[in-house]
Amino acid sequence: MSDIVVTGLGATTPLGGDVASSWAALLEGRSGVSLLTDEWAEQMPARVIAALAVEPSEHIDRVKARRLDRCQQVALLAAREAWADAGGPEVDPERLAVVVGTGVGGALTMLGQDDVLEQSGPTRVSPLTIPMLMPNGPSATVGLEVHARAGVHTPVSACAAGSEGISLGMDLIRAGRADVVVAGGAEACIHPLPMAGFSRMRAMSTRNDDPERASRPFDKGRDGFVLGEGAGLIVLERAEFARARGARIYAVLAGAGVSNDSFDMVQPQPEGSFASLAIRLALRDAGLEPGDIGHVNAHATSTPVGDVAEAGAILSSIGDGAAVTGTKSMTGHMLGASGAVEAIFTILALRDQVVPGTQNVDDLDDDPRVQALDIVRGSPRKATLRAAVNDSFGFGGHNVALVFTAA
Amino acid sequence: MATTEEIQSGLAEILEEVAGVLPADATPEKSFTEDLDVDSLSMVEIATAVEDKFGVAIPDDELANISTVGDAVSFIEKNQS
Numbered sequence: 003m004s005d006i007v008v009t010g011l012g013a014t015t016p017l018g019g020d021v022a023s024s025w026a027a028l029l030e031g032r033s034g035v036s037l038l039t040d041e042w043a044e045q046m047p048a049r050v051i052a053a054l055a056v057e058p059s060e061h062i063d064r065v066k067a068r069r070l071d072r073c074q075q076v077a078l079l080a081a082r083e084a085w086a087d088a089g090g091p092e093v094d095p096e097r098l099a100v101v102v103g104t105g106v107g108g109a110l111t112m113l114g115q116d117d118v119l120e121q122s123g124p125t126r127v128s129p130l131t132i133p134m135l136m137p138n139g140p141s142a143t144v145g146l147e148v149h150a151r152a153g154v155h156t157p158v159s160a161c162a163a164g165s166e167g168i169s170l171g172m173d174l175i176r177a178g179r180a181d182v183v184v185a186g187g188a189e190a191c192i193h194p195l196p197m198a199g200f201s202r203m204r205a206m207s208t209r210n211d212d213p214e215r216a217s218r219p220f221d222k223g224r225d226g227f228v229l230g231e232g233a234g235l236i237v238l239e240r241a242e243f244a245r246a247r248g249a250r251i252y253a254v255l256a257g258a259g260v261s262n263d264s265f266d267m268v269q270p271q272p273e274g275s276f277a278s279l280a281i282r283l284a285l286r287d288a289g290l291e292p293g294d295i296g297h298v299n300a301h302a303t304s305t306p307v308g309d310v311a312e313a314g315a316i317l318s319s320i321g322d323g324a325a326v327t328g329t330k331s332m333t334g335h336m337l338g339a340s341g342a343v344e345a346i347f348t349i350l351a352l353r354d355q356v357v358p359g360t361q362n363v364d365d366l367d368d369d370p371r372v373q374a375l376d377i378v379r380g381s382p383r384k385a386t387l388r389a390a391v392n393d394s395f396g397f398g399g400h401n402v403a404l405v406f407t408a409a
Numbered sequence: 060m061a062t063t064e065e066i067q068s069g070l071a072e073i074l075e076e077v078a079g080v081l082p083a084d085a086t087p088e089k090s091f092t093e094d095l096d097v098d099s100l101s102m103v104e105i106a107t108a109v110e111d112k113f114g115v116a117i118p119d120d121e122l123a124n125i126s127t128v129g130d131a132v133s134f135i136e137k138n139q140s
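Protein sequence lines, in the order shown, are assigned to chains Z and G.
Per this note's numbering, the first sequence starts with residue 3, numbered consecutively.
Per this note's numbering, the second sequence starts with residue 60, numbered consecutively.
Since the hints were made in silico from the structure, they are not lab data.
Small disclaimer: the values here were computed from a predicted structure and weren't measured.
One or more hints might be untrue.
Said to hold, decoys possible - Dumping the calculated SDA-like pairs for lysine to any residue here, alpha-carbon to alpha-carbon at most 25 Å:
1. G:112 x Z:64
2. Z:66 x Z:119
3. G:89 x Z:63
4. G:89 x G:103
5. G:89 x G:126
6. Z:66 x G:93
7. G:112 x Z:222
8. Z:66 x G:137
9. Z:222 x Z:36
10. G:137 x Z:126
11. G:137 x G:92
12. Z:66 x G:71
13. G:112 x Z:36
14. G:112 x Z:225
15. Z:66 x G:92
16. G:137 x G:114
17. G:112 x Z:123
Please take these sequences and the hints and turn them into a complete structure.
This is the structure we're talking about:
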């Protein structure tokens with residue numbers, strides 16, 4: 003079976019408008035989290051968010067931007083960056099596919115147009131409502147941009163959607179249905195309704211008086227995630243195709259593992275047994291042993307239950323030898339984009355042989371599983387890395403693990 | 060009552076806002092779809108904007124008969140109250 007390589011990266015995140023600025027900010031330990039000061043937020047129990055560092059609509063032609071939901075705008079920008087970064091591969095459109103996952107799709111359009119409907123009636127609703135709200139909007143936007151004709155797909159698996167996008171992209175190449183795939187995830191739903199809903203689940207941090215310290219994976223004082231927005235897309239290629247065109251190769255996507263807890267709609271299975279399964283499946287797929295994995299970019303959302311379950315999953319699949327980081331401490335939780343953006347961080351960790359530090363771990367959780375992990379805290383750590391894992395989990399029980407190896 | 064010139068320039072503003080058409084290109088003989096690359100969804104947006112600006116509603120069946128900028132100007136001119 004041929005290798006699948008990563009040749010292009012693109013992202014827009016709460017840390018920066020592109021991959022380079024996001025990665026630089028991450029290594030500096032900067033926070034993308036701030037206090038939401040909009041009037042509507044006053045009533046919200048949780049008012050800390052991780053908004054995009056760069057307004058996407060300012061970097062897209064005005065007429066085009068007004069036809070795209072914010073989640074489509076971020077997907078477009080990440081796709082343009084990734085495609086250019088890959089050198090604009092000359093590929094038969096019928097051998098080019100797109101997979102962009104999302105948690106909720108065009109929520110801002112749906113909610114905004116519902117306001118129009120309520121206030122002004124059905125004849126005032128925008129004719130662009132449906133193409134802007136449909137969850138396949140981000141993938142279709144990217145498909146149109148790169149002229150992909152080998153299929154445009156949209157996994158919708160909550161916070162695992164971005165990773166699932168990359169995993170499915172790998173499957174398409176392996177199945178012989180594409181030579182090149184633009185894959186990842188996009189999300190932009192910072193709005194009163196999602197925030198109120200997550201708050202009512204007690205899933206979000208209410209550390210409103212100290213926003214930059216609100217997202218604190220594995221810390222004893224963590225009290226929920228911080229809602230973020232962004233997009234991450236990577237260009238995957240069949241290795242022979244990439245080599246034949248002389249492409250620069252960042253890393254090899256060596257394996258993927260997908261499982262489901264089938265335990266509860268939103269609670270992770272407390273031992274992380276099936277998250278562990280996904281990681282073990284990914285290692286097997288990559289033909290690697292636990293000891294080969296030098297680094298894990300953890301899902302680590304900063305929720306009380308989730309981080310401990312994940313610690314258990316990492317221990318039971320990889321052991322305690324990998325340098326673990328939780329980059330959501332800086333980016334917040336970009337939901338369906340998070341797995342893809344974190345896959346990019348994992349790839350860059352392999353390229354630069356450095357593990358970003360987890361911020362805000364002042365007082366490590368007492369749970370023995372958390373204590374057993376080698377969590378990189380504060381500053382980045384230089385390391386010799388041959389292989390690294392990125393795992394992501396989503397409401398609905400979705401577990402996805404990706405294994406990358408150095409180019 | 061808006062004059063023909065006012066309708067023409069008002070429509071050009073709408074076309075620029077909705078579809079990015081340069082005002083100089085929005086001349087009467089131009090077809091929305093063939094010449095100005097305005098798609099059917101944008102036509103619906105333009106109709107809504109026309110109603111806001113000139114108080115002239117364009118029913119869906121009438122919208123289908125409007126193919127050029129000149130057609131739209133005439134329709135607005137005839138139907139303004």
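Hint numbers contradicted by this structure: 7, 8, 13 and 14
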